[in-house]
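Trainee: As they're listed, the protein sequences go chains Z and E. For the first sequence, the residue numbers in numbering that gives the first Met the number 0 are 0 to 263. For the second sequence, the residue numbers in numbering that gives the first Met the number 0 are 0 to 282.
None of these hints come from the bench; they were simulated from the model. Incorrect hints may have been included.
Said to hold, decoys possible - Away from chain E, derived, C-beta distances all over 10 Å, residues of chain Z:
no. : residue
1   : Thr-21
2   : Arg-27
3   : Gly-31
4   : Gly-61
5   : Thr-116
6   : Met-125
7   : Ala-134
8   : Phe-180
9   : Arg-188
10  : Arg-236
11  : Ser-243
12  : Arg-251
13  : Met-261
To be verified - Now the stretches of chain Z that chain E is said to cover, found in silico as 3 or more residues with beta-carbon under 8 Å:
no. : segment
14  : 35-43
15  : 84-91
16  : 195-204
From the three backbone atoms N, C-alpha and C, an ideal C-beta is built for every residue, glycine too.
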Amino acid sequence: MLNASPAESAEAIVSLDGVGKTFDNGTRALAGVDLRIGRGEFLSLLGPSGCGKSTILRLIAGLDEPTEGTITWHDRATGRAAQRERNVGFVFQEPTLMPWATVFDNAWLPLRLKGMTRSSAEAQIMTALESVGLADFRNAYPRELSGGMKMRVSIARALATDPSILLMDEPFAALDEITRFRLNDDLLRLWADKGWTVVFVTHSVFESVYLSARIAVMTNRPGRIAADIVVDEPFPRTEAFRTSPKNGEIARITSEALHRAMGE
Amino acid sequence: MSLAARRESDEAAATAPSLSERRRRTDKMLRIGLPLVVLAAFVALWDAIVVINAIPTYILPRPWLVLATIVNDWAILGPSLFNTLAITLLALALATVGGVLLAIALTQSRVVEYSFFPIAVVLQVTPIVAIFPLINIYVENDLAKILLCAWIVAFFPILSNTTLGLNSADHNLRDLYRLYGASRWQTLRYLRLPAAMPYFLGGLRIAGGLALIGAVVAEFVAGASGFGTGLASRIIESGYRLNIPRLFAALLLISASGIVIYVLLSLLSNRILGKWHESATRR
Ligand SMILES: Nc1ncnc2c1ncn2[C@@H]1O[C@H](COP(=O)(O)OP(=O)(O)OP(=O)(O)O)[C@@H](O)[C@H]1O
Ligand SMILES: [Mg+2]
Chain Z
0 MLNASPAESA EAIVSLDGVG KTFDNGTRAL AGVDLRIGRG EFLSLLGPSG CGKSTILRLI
60 AGLDEPTEGT ITWHDRATGR AAQRERNVGF VFQEPTLMPW ATVFDNAWLP LRLKGMTRSS
120 AEAQIMTALE SVGLADFRNA YPRELSGGMK MRVSIARALA TDPSILLMDE PFAALDEITR
180 FRLNDDLLRL WADKGWTVVF VTHSVFESVY LSARIAVMTN RPGRIAADIV VDEPFPRTEA
240 FRTSPKNGEI ARITSEALHR AMGE
Chain E
0 MSLAARRESD EAAATAPSLS ERRRRTDKML RIGLPLVVLA AFVALWDAIV VINAIPTYIL
60 PRPWLVLATI VNDWAILGPS LFNTLAITLL ALALATVGGV LLAIALTQSR VVEYSFFPIA
120 VVLQVTPIVA IFPLINIYVE NDLAKILLCA WIVAFFPILS NTTLGLNSAD HNLRDLYRLY
180 GASRWQTLRY LRLPAAMPYF LGGLRIAGGL ALIGAVVAEF VAGASGFGTG LASRIIESGY
240 RLNIPRLFAA LLLISASGIV IYVLLSLLSN RILGKWHESA TRR
């Protein structure tokens, strides 16, 4: 179960080879990150605060350039067209909403940028808002929402684009446990239905075990992948798995790997 | 906050509306009432000083005489007021168009912005009224010279505020736009212009007052040489003729114009930002 060179069989969608990132101010956030993300995989990045998880997501999304190593997309597209074709969805660690736009208009943004009108995008957006339980708030402004509600709008915005790869940066950290569990299940259902690839950043060992097919555990800064844990529990996963001994066992292994990684 | 404490404060909040509502109404009455009381006291004091010291009308008129002059001399003051307002508003409109367009042009490229923005700042901190005598010499047409002066002082606050605003869009939001392949035009239209709105409106409010000042000062400068038709010319003219009540009447009209412009622009600003910006929302 541990370090079983996972997703070897699955075709990779993107791979990182020896990726390092040193910021202009000299902060070395990542060093020697090797990571292969399988098509259709649900991968969690687990690591201590400040170890470079958000940085990895930004590099994968192409919002930043690595200072060492390479990121290879296993598709034919290149240049600007590639960005559109890959259809990357991103949920930032902060809600990142436009304060002047309503909930609906915020969720509409990616589709609007692709040239979809309000009416042609409406069905898609309302489905996404319903899945995060905010359909009733479509005309509210961000300042009228709580922190967790803002985050859910941000999630709906990413879901509405039907991304082929979805990058999520601690999306549920601000939510209560019940809402989080519900969104966990909704996310898994969508993932299974739509065949997305998901890279999910989290601080929570339990959340990563419940959600992922694979967990990449990171070391302290400069971050790299210290352990690669396959969670070989079949999907769909249910409430029963949350409380099963097997879950506890994998969580224990993951937690130990995290402690070891942080000790390094 | 402990759970019990929170429940208590929730209960307090449930019974609060009438209380806080009443407090808000009192607050509003005080806000409007107090300045009016102070104003009334000031006018009464003015009147008392004139009466007690038997000050002649050609030095300091009684307040009611100023008001009466506005009515009696309306045939002269009315058209002047109209001219001053027309120049002010035209200058403000042109400054808005010019300032916003130039700000957009400046922020489209870093090279352009780095080249020209510092110059714009230098021009803004220069007391631009100092070049009015030059404009007075270079520009022949009386209307054009006054308009140009009013425009030039209104232009810079709009330019610099809008430029600042266009650059103030949140970095994560910019990344989001980039990620979803937004074109330059889309980023401007949906992100940068709305983000600039509060800054622009702040600049507009400043520019409204400055345009009026510009129109008045320009007329003072031009008045010495050409012929003026606005309220400022009436002031100079009344000064020469020692028609002090009319001078005060013109002064009152200018100050009223300034207040009206400021209030209208504030209302516009609140109306546009109403729902979303911190400056316009109330808790
Ligand atoms: N733009 C930047 N300039 C300089 N340093 C940065 C920048 N962005 C991130 N860093 C640094 O890089 C390191 C990794 O940051 P990152 O945001 O990726 O951490 P993280 O793993 O997401 O942490 P958290 O779990 O707290 O969100 C941090 O030490 C941070 O200080
Ligand atoms: Mg982070």
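Trainee: Which hints from the list above does the structure break, by number from lowest to highest?
Mentor: As far as the earlier hints go, 4, 14 and 16 are violated by this structure, in ascending order.
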